[in-house]
Each structure stands twice: as structure tokens, then as C-alpha cells.
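Undergrad: Make the complex out of the two chains shown on their own, each in a separate frame, by following the hints.
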Amino acid sequence: MTFTGLPLATLLQIGALAGAAVVAFYILKLRRRPVAVPYSRIWERILRDKEATSLFTQLKRLLSLLLQLALLALLLLALGDPRAATSLVEGRNVVVLVDASASMKAIDVAPTRLDAAKDEVKRMVRGLGGSDRMLVAQMDAAATPLSTLTSEVSELEGALAQVAASDGTADLARGLRFAADTLRGLPSPEIVVVSDGALGPAVDSSGTVDLGDIKLSFVPVGKSARNAAITGFSVRRYPLDKSRYEVMLEVQNTSEEAMDVELSLLGDGQVTDVTRLSLAPKEKLPRFYPNLSGASRTLEAKLALADGGGDDLPADDRAYALLPERRRARIQVVSRGNMYLEAALLLDEYLDVTVVSPEQYPGRGAFDVTIFDAVTPNVAPQSGGLLYLHPTGTNVPFEVGKEVLDDDPNYRLGFDELDAKHPIIRYTSLSDVNIARANPIKADKDDKVVGKSFKGPLLVAGRRSGVKFVALGFDIRDSDLPLRIAWPMLLLNTINDFVEEDTSYISSFRTGSVWQIPASSAAQNARLELPDGSQRTVPIKDGRAVFLGQHAGFYKLTTGEPGAPGGEESHMFAANLSDFEESSIAPRPTLEVDKRVAGSVSGFTIGVRREIWIYLLAAVLLITAVEWFTYHRRLTV
Amino acid sequence: MGVLDLLKRAASPLSSQLGGRLGAGRGRRGDEADLFDEEFQRKLDYLALVSRRVFSGAMRAERRTKKTGSGVEFADHRDYASGDDFRYLDWSAFQRFDRLLVRLYEEEEDLSIYFIVDNSSSMGFGDGAKLRHAKRLCAALAYVGLANLDRIAIVTATDEISGRMPSTRGKARIFRVFRFLQGQQAEGHTDLGEAMKTFAAQHKRRGLAVLLSDLYDPAGFERGINVLRYAKFDPFVLHIVDPADAKPDLRGDVRVYDCETGDEREVTVTAKVLERYGQAYNEYLDEVRRFCTQRQVSYFRADVDVPFDELILRVFRRGGFLR
Chain A
11 MTFTGLPLAT LLQIGALAGA AVVAFYILKL RRRPVAVPYS RIWERILRDK EATSLFTQLK
71 RLLSLLLQLA LLALLLLALG DPRAATSLVE GRNVVVLVDA SASMKAIDVA PTRLDAAKDE
131 VKRMVRGLGG SDRMLVAQMD AAATPLSTLT SEVSELEGAL AQVAASDGTA DLARGLRFAA
191 DTLRGLPSPE IVVVSDGALG PAVDSSGTVD LGDIKLSFVP VGKSARNAAI TGFSVRRYPL
251 DKSRYEVMLE VQNTSEEAMD VELSLLGDGQ VTDVTRLSLA PKEKLPRFYP NLSGASRTLE
311 AKLALADGGG DDLPADDRAY ALLPERRRAR IQVVSRGNMY LEAALLLDEY LDVTVVSPEQ
371 YPGRGAFDVT IFDAVTPNVA PQSGGLLYLH PTGTNVPFEV GKEVLDDDPN YRLGFDELDA
431 KHPIIRYTSL SDVNIARANP IKADKDDKVV GKSFKGPLLV AGRRSGVKFV ALGFDIRDSD
491 LPLRIAWPML LLNTINDFVE EDTSYISSFR TGSVWQIPAS SAAQNARLEL PDGSQRTVPI
551 KDGRAVFLGQ HAGFYKLTTG EPGAPGGEES HMFAANLSDF EESSIAPRPT LEVDKRVAGS
611 VSGFTIGVRR EIWIYLLAAV LLITAVEWFT YHRRLTV
Chain B
19 MGVLDLLKRA ASPLSSQLGG RLGAGRGRRG DEADLFDEEF QRKLDYLALV SRRVFSGAMR
79 AERRTKKTGS GVEFADHRDY ASGDDFRYLD WSAFQRFDRL LVRLYEEEED LSIYFIVDNS
139 SSMGFGDGAK LRHAKRLCAA LAYVGLANLD RIAIVTATDE ISGRMPSTRG KARIFRVFRF
199 LQGQQAEGHT DLGEAMKTFA AQHKRRGLAV LLSDLYDPAG FERGINVLRY AKFDPFVLHI
259 VDPADAKPDL RGDVRVYDCE TGDEREVTVT AKVLERYGQA YNEYLDEVRR FCTQRQVSYF
319 RADVDVPFDE LILRVFRRGG FLR
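Heads up: the protein sequence lines correspond to chains A and B, in order.
Position in the first sequence (from 1) plus 10 gives the number in the working numbering.
Position in the second sequence (from 1) plus 18 gives the number in the working numbering.
Here chain B stands alone, though its shape is the one from the complex (with noise of 0.2 Å):
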């Protein structure tokens, strides 16, 4: 038996609940119901202990966030950016390498980390994919930060904070993860960069920041990321990737919109034109990747067709999310 097991008995009004739920309806309702079944549940578990076993002896308040200056051990250099603290600059490697590098300092705290979901329209797109995966994605990640102590909260984002879950602690809180995350749909239009600026806003406790996003923002999707890194949170970005974005089944001339603004192009589909927009879909995941490696920001690459456990071992093996 689980800890989910038992504490979905400790808790049976909200498993009940869940359960009604589990049953209710079939398509999408069905769907929202089946997306954190026993399996599910299950798996989480099983996350929950190798992470355990991975990090074992650490207890409460052990994860350490990289903050420039607040820490004494020494941890690595990244790139100088505007608006980095002068006086963490490494004037001797400015000597050694001519590069403007900051220092960076591991320092120990109680972390807090925030999930940020995007739930605009695109995440739905389709048969809502993308946002499902992003929910399950958010809910483990969430049980591994709830089994290893760690504050941990949920806000959804589009062109604004759109939901909210507060700060909480503990296991037993999954089940209002998961109600949480059931909740959302996706509607709304893209705007990284505003809900972003809110979101610090609202949260003046540091932290990791795991953004959920298939980062399709009209505005570009480095504004979200850099608010998030200049307002001294740790950015973590899961980027949710749909394979069937990249072979759109169209053909002949048609006029295409954006499913969030509307926007209209007239194209003709050749097989030409499908396989450049295959190369420039590619070429928008790399410069996504290369934009957050060049910064230092956890990038992770999460297609929907791979399962959620394999994605969140890799997560593990890669590291960033647990240390």
C-alpha cells in the first residue's frame, strides 16, 4: 500500500469525491477524471521514492537554490546580464577570459517552488494534449515537492495569473493539487511576459519557478522567462511539445488563424510548404533551448507522446529540480 493509499483514507471525503469524478462522464469530463487515477497515483509513489533515494539523509529545508551573494559556497560562473550585481563579478576570470562572469553562490533555505501552468488556448489545441500532460507533469513534480517538504504553489498564466493555489506543505495537500489542476481549461490568450510581471508581483518569496508552457506566446516567449530571471526566481522551464504541432494536416489553399488572436495568413500547403514548416517549427524549438541554456534557465523538453514518469526520471537524471 501507498502513502497516497493512506492518505486518501485519511482524507476519504475528497477521495470520494475524486472517485465521483473518476466515474462521471466520458470525452473530456472523462478525461479531466482519468488524469490522476490510481495509476497515476501509483507512479507518483514510485517517483516519490526515488527521489527519496536519490537525495537520501536530506531532510527539511536541504535544497539549495542558486542566489547570487547570499550564500558562501561557491558554486559556479554564469554570463554577466543587465541588471546582475556589479559586485558579484568575477574581476580575476574578466582578467583570465575577458568575459564578464558573475559568481554564483549556492545558499541553503526552505524552498519554495511554484508551478506555472499556461493554460492559454493553445495548450487545448486539439484534443487538449498539451494541457493535460502539462497538469500530470505539474501534479508529480508537485508530490516530489510536497514529499520532500518543500513549499510548493500553483498559479495558471495566460495573459494574467488566471488561478491561484497558495503556498502549501505536506503531503496530504496533493488532493487540492489535483482539484486545483482539474479545475483548469484552457482559454485565454498568451502573454508570458505580463502574467510573469504579475506573478513576482504577487509572490514576494523566491524560489523555483517551474514554468509549464508550450511557450507559442505572440510576444515572444523570452519576456516570460527574463521577468521571471530578473525578479530573482529560478526558473525552471518544462516545455511542453506536441509532435503533431510539427505536421499540421493541411493541404491546398486555405487561410490559417491563430487559435488565441486570430491572426490571418493565406498560405497554399504543398508538401514543400509543410516540410519548411517543419524545419522552422525545429528551429523555434532550438532557439528556445538555446535561449535558455545560454542563460542558465533549466530547460526541459516535454513531448506529450512521452510518458510523464519517463519525463519526470529524466527530469531527475538531468537534474535541476531536485539537488
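The shape of chain A in the complex, shown without the other chains (with noise of 0.2 Å):
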């Protein structure tokens, strides 16, 4: 036994000090206030009755006496904070990082994983030693602390109770690195990870972790593997027929064991389509859609066993995607008059062209893209992405170089270098473009430049304050390109790329990740709805808004006011778990972390708790409460 409170030595003098006081006391008490009465002989004979009972009598004031000093032993022995030296670890720091990715949400342990890892946390709040100090954080795409470093049970169990499973996967190194920098300094530092262990290698852009002398200790949750997912989901329109779509689905079985498995598409909440498949085990089975019409706006797919029961994870057995809405792009050309240009907007049916003489720009209204054909004027509000062609002026947001023309006879003047992978030119080809003159365009270093010759750039796309821009360093009609497939193709795949409405459109975003959500450019924030119902302001950074994601489902995203210039504009998008390593659901029953096994979790005994001072105050309590009784009752007077 030790005490960990007051010394001993201080206990034993308050003990003499107060015993003294108790006595003295006592002493007093048994003055007895002085009664006249007119003939004691009657009390002599009650008294002499109660002579047989006198040994009785001074046997319970002793007994009072004693029960005194108990009370004031009892609470000396509290100020002392007394510790079985079997349990007495002194003055750990822990830090618990509980788990919260997908995979916890598994019912292969009831109710669920998440809420076995709580038990056995609550077992380890429970167990603390009296100047232990615990840290709960939630351990998802990100490290959130649920507590401060502290030793009260309530908080911590309080913590525990927000811990809440998310859609992502867990980084296992920033939760580390976040614990490790909490633990910083301080003794006996320990980290507890509770977890199923599917996290993968704690490593991330600044090398693996390291944790130096902290003690790293693992809880392993979970028991079964049985899931079968779907890790892929996405929906693109069709490129020339964007009335048209196809979907791709991919599902895979993650277990050890084969399944037969019924998928479902829903579009709108309706069923579109249910197969059966059987899955071998681990087998991956891509499946597609195509040529899929209709006015639906949503997708989602579900996954079941085919004889109607669950898998252990129901999180990944559906999926969202949200076809790419269709609406009229508004486009105003700039031009002194330019055929070809004109020619190319005519072929796709869902712009609304406004063409404008230079005297007249700016036209009326707002528009998604403004095509300056060899003029810059100074840019007017509400003009939407901007497509410089053959800029020529000043009043350009880059700068552009003087006049080269195509005089080299080994050296044909065109794109010599091209970014294949750029929207803007997907499916074009502009290697052999002939180019009679242009004006090189200086990027800056944010810029991208998509096609380059060996005289300077002369496709550059970049943005200006949240706007987007393009810029053609070269007249079309001084070149071949008008000619070419490419140039309507490369027109209406940059106007695509300003209305966010190209071909490689993200069907959905996947959980875990950092999102940026393209945004109206000139709002600061903007306001998230989560598929729960609840609502999140974000920030918008370059035109697109920065979120977290972490829940599966259907977002909307909504900017600017209803009353605002530019009114209030609102899109819907679709995040998915879509992770196969989430997925995979057996539990692991280590971890390694840098090559360093972590050890179980010790030290944390239950029953043997800390607060025996408590049960001594319970002790005096009760032993005050059973005094009170008996005196009021005259049982012990």
C-alpha cells in the first residue's frame, strides 16, 4: 500500500492533532447538564435496573468513542489517496486513438466494431491510475481530440461517447503524429491504438513515424471477414451525345470465402437494373452500363447477398453518383467577326451564343465563358471563363511575346510539345497543326501550358483571381486548325472545362480525402449540406470548395444569396468509400509501426481503481448515516 496523497508523516500528525480534538471532544460531551429533582431514590431505581446494562452502556460509549476515531482514520486514510502497489503506475500519459474509419462500423462484433473499441476504452478509463492522464481522439481521415489530457472519467467517458464512425479510411500516421507531438515532454508518455488494423503503414509525405520512447500499445477489435464491396461507381455522359450516359460499377470480394451477390442501380430511387453475380474469393468484377438514357439525376447502387442476408460491412454495399446536370451554357464571343469560330459553336446544340462587337462588349447578362477573338478589352464582370484567342493587346492578364512567324525552313512553326493529359485537347489532335504566325504567350509558374512550340507557348491555360482562363496564342485563320477536327473539339472542350461540365466529370468524390468541389468563383463560402440533413459552411479557395469528407452519400453545395448579384447557385454531388483496403475487413491482430511491433494494453485494471479514497468517504458516509440512525433511535444513547 502507498500513499500518493499526503505523505505519511503529515497524515500521522493531523491524525494526533484532530484525534486529540476528538478526545477532547468526547470529554466534553459527557458533562452532563445538571437537573434538580424532587426525590432521586426513583431514578436510583430505574438506574440500578439499569446496572446490569451498565457494562453495556460504557461498551457503547466506548464504541462511540471508536466509531470516532474510525470516521477520522477513514478520512485521514482518504487524504492519503492510498494505492495497492499492484496497481500504483505512476503518472502515465496516454493517449487513445480510437478507430473511426469505415471498417468500424463492421457487425461481425455486436452491435458494431466502433462500439466493442468503446467498451474496451471505457475498461481502460475505468482502470486509470489516480495520476494517470488520458487524451481520447477519434482516428479518421483526420485525428480529432475529444478530450483534453485529463484523469476525470467523466470527460473522458463523455469523449468516448462522440466517437463516431465516419465512411473514410483511418490515416494512421496522422493520428500518431498527433498523439506523438501531444505527448511531447511529458512522463510516461503511451499511445493505445484501438482498432480492427485495417490502417495500412503509418507513413506519410514526411517519411514514416517515428515515436521515439513512447509506448505504442494496440486493442484489437473485430473477428470476422466476411464483405463483399463496391470500391468503384462512376457515370460519364457521352462526349458527342451528352443526352446519353454510361455507368461503370466495380464490386469485389474481400473475403476468404465465394459469394453470390444481387446488384442493384437505382436511378431516382427507382430500380434500373438488378444482375446476380457469384464472386469468387478476393475476385474483382468490373461491370458496365451502357447507353443509358433518361432524365435521372441520381444513381445509386446497392449490394446484397443473394439469399437476402447482410455481409458484415454494410457500408460499402451501396453507392451514390450523380450524372453531370445538362443545362445551356451561356457564351459570348467578342469578335470583329470570325466564321470559323462561329461555325464551331453552332455544332453543339446547348449554347446559348451571344456574339458582341468589341464597341459593344459587355453584352447583356451573365455569361459562363467570354471568347475575346483578337481583342482584349478590359474584362467586365459576370463574363464567366475566358478564352483569349490570338491576344494580341496589353490588357491581358499574362504577357504575350512578340510576333514569331513560321520562317525556319527546319522548323515548322506548331505544337511541338502538348499536355495529352489537359481536358481542353482530350480527343484532338494538334501535333501537326501548321501555324503561319502567333504570338508566344509567358506563363506564369501556375499557368499550365498545354501546348508549347519550340518558340514559346502557345496554349496556356491558367486562372486569375478564382477565373479561369485560356489562351491561343495564334489566329486560327493564320493556321490550318479551323480546318482540323480538333478545333471544334478543342472549343467545346475548353467551354466544358469552364462550366465544369467536361467529360471527366467526377461522378463522385471518394470519402477520406480533402475535396475541392468547383464553386461559383466570386463567393468566399459557401454552404454544404451533408447527407444527414446537416449543414457546413466551407471556404472557396480558387473556384473550388475545400471539405473534408468523410460520410457516403449525396452533398449539396449551395453559393452566393437569393438576393445577391449572380442569385443563389446550388449543385448536388455524390461521395462514395470506394476503398478496397477499407474494405477489406479481417481484423488484424497487430500492429507495426516502423518495424516495431506494438505490445497490448496493460496497467489498466478494473476493480483495482485508483479512487480507494472514494470508498473510504462512502465508508464514512455510511457509517455517519448508520450513527445518525442509531442515535436518533436512542440505540447507541
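Bear in mind the hints are in silico, worked out from the structure with no lab data behind them.
Do not take every clue at face value.
Listed next, with one range per pair, are the computed distances between beta-carbon atoms [said to hold, decoys possible]: (1) B:A289 / A:L72: 22 to 30 Å; (2) B:R182 / A:Y36: 52 to 60 Å; (3) A:R43 / B:T311: 36 to 44 Å; (4) A:R43 / B:R335: 43 to 51 Å; (5) A:Y36 / B:A289: 18 to 26 Å; (6) A:A80 / B:E293: 44 to 52 Å; (7) A:Y641 / B:E293: 16 to 24 Å; (8) A:A80 / B:A289: 26 to 34 Å; (9) A:I633 / B:D323: 30 to 38 Å; (10) B:E205 / A:Y36: 33 to 41 Å; (11) A:R43 / B:D103: 14 to 22 Å.
Even for Gly, the Cβ is constructed at its ideal location relative to N, Cα and C.
TA: Next up, the structure:
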């Protein structure tokens, strides 16, 4: 037994003083009030009867004194905060990382793995030593501390109750770095990871996490691995027929046993297709739904076992996607007349083209895209994305070089280098375009040079103050580009890129990562409605709302205000887990970080609770209550 | 107009003296003055009248005392007690009942009535109700005695004879009785045995000895009564009882001490203890009554909360004082 409160010497001093006081008060208590009576012999008769019990009375009085001294001793012991030597672990600082990734929603441990993990942590909290401190943090894509580093059981249990599973993956490296930073400089540091082990290596951009001398413990949860998941779900419209679309689904059996599953595809809640699939162990099965048409906006895929039951992880049995919205893009052409340009714009029926002369610019209304054909006026508000064709003036957001001519017999002037992956030149072939004269564009370091000749960049894409622009450094009439199919493709790709409606549309985001959602360039913030109906305000940076998404489902992003210029705009998007690693729910019995295997937790023994003083105080209260009761019932007087 | 009014007129100096006392002061002094107020005196007249009606035709010296051997009219038997004259043993009764019984004869004589008023501290305990009650009873009975032409004397007793009013006769002496009683205070220890020995030695003429006392005698109440019996007095015990004594207002840890002897006892008073005290007190009263009954000593319990005139009438009805 060790005293972790007041030292023993102090306790003895206090005990001596207080004991003397108790005895003194006890003696004082025995001095009785004198009362005259007319005839004491009658009293003597009663007291003579009581002689037989006088010994018991004396004993009761002695017992009363002993009781008070016992109460004092109990109080002093409580002040001393005694601990059993076996349960005494001095001053640990523990950070508990509770895995809240999607795999923790698995129901192989009733009710869920996360609840089992919480129970484990709760046992640890109740087994904390007196000078131990603990911090509970939720570990998903981020590490979120839910309590302070404290020894308060109520605060820790409250924090534990706040832990909620997400639909994302857990970032072990981030969690460990957070825990290590928290424990830096503290004595007896310890990190406890409570997880099913589907965490991946503890490596991030800074390298492997080095925990130094921090003790790492691991509490495994989970017992089964039976799961099939939708690991991929995307949809796109056909580039040349945007009224039709195709869907790609990828289903995977992550367990070691074969499964028969039923895959359903729903459009706006209505079943579009149901397919039965047999999945071999670990088999990945892609499935295409080509040439779909219809007015459906939301798509949802559901996976169920063929026998009607469910697997161990329902969270990855659903996936969501949204078809890119088809709306008419408003195009403003500022030109003195360009037949090739106007003809190309006629190819897409979803374009509303307004042609204005440079003197009439800006035209009335708001536009998604403005094409400046060899003119560079001051850019008016609500001009949308800017496409500069052969900019020559100085009133441009970039620098235009001197005119170069195709005058070198050895080198043809054209696109010598192309960024083939850039969306605006998708499906085009520009490498053999002949150009008679051009003005190379000097791009900033943040700009993207899409096409470049040996005399300088000729096709540049970039962003200024959140407004996208694309600049073509020559007049198309001074080249054979208008005669090629690449010209209308380049033009339409550029317009699609501006209005975020290109064929590379992201039909769904992946949970557990930072999303950059296209948004109005003018706004600073946007309102994001989550699948559960709650709303968040998210910042907009460079025309994209930034949000760390944790939950699968449909989201709605709204920018602007109803009464504000430009009005309120909103659009929806979907988010899915789509992670094979997270769907592989086979529990891992060990955790390895930097070639170091985490040990099992120890020193959290329930029952040998640190607060013996609580029980001592409870005993004091109980004895006092008994004394009070017996006194008032005149049993001890 | 009552007899007392006439007497009061005749003895106007005394009466005015009394009246002055009646009106003087408040509290205890006022209580003493109120002790024998006009209301009390009217009741005395009534009681004297009642006693006459009951014993009509009785003239002086018609009172009879139970004296063994000196009379001729057999009255009663009683158990033999040590000290009794063997000559009065009823041997034929012994043969029949196998009990030693003494023959009692009634003897007519000019009876002396002695009032022995206990004025120890216990009689004045609390608000002094017991002593006041004793004084009133004494005065009333004395008046009845005086009205019946008996010779009365009053003594006050503690552990000695602390006060004495010599024998007197005639109703006109009642104010002397009042004055004597009003002058008595409660103080001193009770030792009725010693006091009665002194009394018996000082009073050779035997007669009725009316003992008005709470009988709180540390040496035992029996001694005083026995001394009277052995000295051939005819004891009449008027036991003054204050019911408040049976229910003391005590609670908790106290040190009780006797108001006379100062003897201390520590006691923790609980409801249960109070209940047992009440039982012990009643047992004590029963003990006194049983003792007197067994020895054919006239006993009468006089609770202080019962009006004195009602008590006197009860005494008349019970007999033993007037015959």
C-alpha cells in the first residue's frame, strides 16, 4: 500500500491533532447538564435496573468514541489516497486513438466494432491510475481530440460517447503524429490504438512516423472478414451525345469465401437494373451499363447477398453517383467576325451564343464563357471563363510575346510539346497543326502550358482571381487548325472545362480525402448540406469549395445568396467509400509501426480502482448515517 | 353571612392584617396571601356545615379513636405488629384463622388532632404547589376540627420539628392557623423518622396525627409513619402528590441531583427512560398506599390538581378523619 496523497508523516501529525480534538470533544460531551429533581431515589430505582446493562452502556460509549476515531482514521486514509502497490502505475500520459474508419462499422462484433472498441476504452478509463491522464481522440481521415489530457473519468467517457464512425479511411500516420506531438515532453507517454487493424502503414509525406520512446499499445477488435463491396462507381455522359450516359460499377469480394450477390442500380430511387453475380474469393468484378438514357439525376448502387442477408460491413454495400447536369452554357463572343469560330459554336446545341462587337462589350446578362477573338478589352464582371484567341494587346492577364513567323525551313511552327492529359485537348490531335504566325504567351509559374512550340507556349490555361482563362497564341485563320476536327473539339472542351461539365466529370468523390468541389468563383464561402441533412459552411479557394468528406451519400453545395448579384447557385455531388483496403475488414491481430510491433495494453485493472479514497469516504458516510440513525432511534445513547 | 365572616369581624385586627397580606405583592408572596382568600374561607364554612350534617347530634368529645384495650366496644381486628400488647391478641381468632390478630376497641375521648405538615424542600419543588396544597388541606381540616370542638395542633416537619403551633380549640383560632401556615417555607431535608420521634416525645397526649407530606424521605417513608404508630398516635396520611413529578420535563444527557440531599446521578433521558420513570413513580405510590392499607393506617392521596374542597369531601366520604 502506498500513499499518493498526503505523506504518511503529515497524516500522522494531522491524525494526532485531530484525534486529540476528538477525545477532548468526547470528554466535553460527557459533562452533563445538572437538573434538580424532587426525589432521586426513584431515579435510582431505574438506574439500579440499568446497572445490569451498565457494562454494555460503557461499552456503547467506548464504541462511540472508537467509532469517531475510526471515522477520523478513514478520513485521514482518504486524504492519503492509498493505492495497492500492484495497481500503482505512476503518472502515465495516455493518448487513445479510436479508429473511426468505415471498417469499424462492421457488425461482426455486436453491435459494431466501434462500440466494442468504445467498451475496451471504457474499461481502460475505469482502470486509470490516480495520477494517470488520458486523452481520447477519434482517428479517421483526421485525428480529432475529443477530450483534454485529463484523469476525469466523466470527461473521458463523455468524449468516448462522441466517437462516431465515418465512411472514410483512417490516417494512422496523422493520428500517431498527433499523439506523439501531444505526448512530447510528458512522462511515461503511451499511445493506445484501438482498431480492427485495417490501417495501412504509418507513412505519410514526411516519411515513417517515429514514435521515439513512446510506448505503443494495440487493442484489436473484430473477428470476421465476410464482406463484399462496391469499390468503384462512376458515371459519365458521352462526349458527343450528352443525352446518354454510361455507368461503371466495380464489385469486389474482400473475403476468403465465395459469395453470390445481387447488384441493384437505382435511378432517382427507381430500380433500373438488378444483376446477380457470383464472386470468387478476392475476386474483383467490373460491370458496365452502357448507353443508358433517361432523366435520372441521382444514381445509387446497392449490393446484397443473394440469399437476402447482409455481409459484415453494410457501409460499403451502397454507392452513389450523380449524372453531370445538362444545362445550356451562355457564351459571349467578342469578335469583329470569325466564321470558323461561329461555325464551331453551332455544333453544340446546348450553347446559347451571343456575338458582340468589341465596342458593344460587355453584352447584357451573365455569361459562363466569354471568347475574345483578337481583342483584349477590360474584362467586365459576369464574363465567366475567358478564352483569348490571339491576344495581342496589353490588357491581358498574362504577357504576350513578339510575333514569330514560320520562317525556319528546318523547323515548322506548331505544337511541339502537348500536355496530352489536359482536358481541353482531349480527343484532339494538334501535333501536326501548321501555323503561319503566332505570338507566344509567357505563362506564370502557376499557369499550365498545354501546347508549346519551340518558340514559346502557344496554348496556356490558368486562373486569375479564381477566374479560369485559356489563351491561344495565334489567330486560327493563320493556321490550318479550323480545317481540322480538332478545332471544334478544342473549343468545346474548353467551354466544358469552364462550365465544369466536361466528360471527365467526377461523378462521385471519395470519402476520407479533401474534396475540391467546383463552386462559384466570386463567393468566399459556400453552404454544404451533408447526407444526414446537417449544414456546414465551407471555404472556397480558387473557385473550389474545400471540404474533408467523411460520409458517403449525396451532398448539396450552395453558393451566393438569393438576393445577391448572380443569385443563389447550388449543385449536388455524391461521395462514396470505394476503398478496397477499407472494405477488407479481416481483423489484424497486431499493429506494426516502423518495424515495431505494438504491445498489448496493461495497467488498466478494473476493480483495483485508483480511488480507494472514494470508498473510504463512502464508508465514512455510511457509518455516519448508521450513527445518526441509531442515535436518533436512541439505540446508542 | 358565614361563621367565618362573623369571626373575622370579631377579630378585625387580625382580619385586616390578613387582608393587607392578601392585597400585598404578587408572585409567591401574592400566592401566600391568596392561600386563604375569601373563596377559600367560604368553602371552609361549607365544609364545616357538611361535617355537622353528617354527624348531627355529635357534641364535644364525641370523636372516637381506635385505641387498643382502653375501651369496651369492640371495633375491629388488625394484624399483629411488633410492639403490640399481647393482651389484646384475639386467641380465638388465631384458632380459627391461624393468624395473629389484635382486637381494637373504640374509646370515646376528647380527641386531639395533630397536623404534621412536611415543609422540606421537596414540598416546595417546582412552583411549590405541593406545600400550598398541603397548607390549604391542613387549614380546611383544622377548621373542620375546630368547628367540631376538637383540640388541634400543627407542627411542620423536615428532619426535625421546624415549627409548632400549640394546641388550641374553638373556631375563632382558625386565623391563628392561617397565620402559622402562611409563615412556613419549604426548606430542609426530609427525615420523617427523626422528626416524628421528636414529635412523639413532645406530645404526650395521643390523638389523630394527620401527616401531610409527599413522603419523599430518603430514609424511607415507612419510618415516620411507624414512629407515629408505635407512639400510639392514630396516623392519617394525606399523601400530597404532584402529577408533574411523574412526568419530568427532561431529555438527553443530564445529571440529576436531589433537591434536598444533592445526591447526583447521571442519566440519559429517553422516551423509554421516561416511561420507566413513570412506572417506577407509580410503583412508589402503590407501595405507600399498600403499606398504609396493610397497617390500617388511614391513607388518602391528595393530587395537587384536585381542588382541596373536593378532596375534603372525599376524605369525609372515606371516613377516618371524622367519626
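Undergrad: Just tell me: holds or violated, for the beta carbon distance of A:A80 and B:E293 against 44 to 52 Å?
TA: Violated - the Cβ-Cβ distance for A:A80 and B:E293, about 33 Å, lies outside 44 to 52 Å.
Undergrad: CB of A:A80 to CB of B:A289, is that within 26 to 34 Å?
TA: Holds: the Cβ-Cβ distance is about 29 Å, inside 26 to 34 Å.
Undergrad: At the C-beta level, are A:Y36 and B:A289 separated by a distance inside 18 to 26 Å?
TA: holds, 25 Å
Undergrad: Hint says 16 to 24 Å; check whether the CB-CB distance for A:Y641 and B:E293 agrees.
TA: holds, 19 Å
Undergrad: Take a look at whether the Cβ-Cβ distance between B:A289 and A:L72 falls inside 22 to 30 Å.
TA: holds, 24 Å
Undergrad: Assuming the hint says 43 to 51 Å, is it satisfied by the Cβ distance from A:R43 to B:R335 or not?
TA: holds, 45 Å
Undergrad: Can you tell me whether the CB distance of B:E205 to A:Y36 sits inside 33 to 41 Å?
TA: Given range 33 to 41 Å: holds, Cβ gap about 39 Å.
Undergrad: If I claimed the Cβ atoms of A:I633 and B:D323 lie 30 to 38 Å apart, would that claim hold in this structure?
TA: violated, 48 Å
Undergrad: When you take the CB atoms of A:R43 and B:T311, is the distance between them in 36 to 44 Å?
TA: holds, 40 Å
Undergrad: Go ahead and decide if the range 52 to 60 Å is satisfied by the Cβ distance of B:R182 to A:Y36.
TA: holds, 54 Å
Undergrad: Taking the beta carbons of A:R43 and B:D103, is their distance inside 14 to 22 Å?
TA: Since A:R43 and B:D103 have Cβ atoms about 55 Å apart, the given range 14 to 22 Å is violated.
Checked against the numbered hints above, the structure breaks hints 6, 9, 11 and satisfies the rest.
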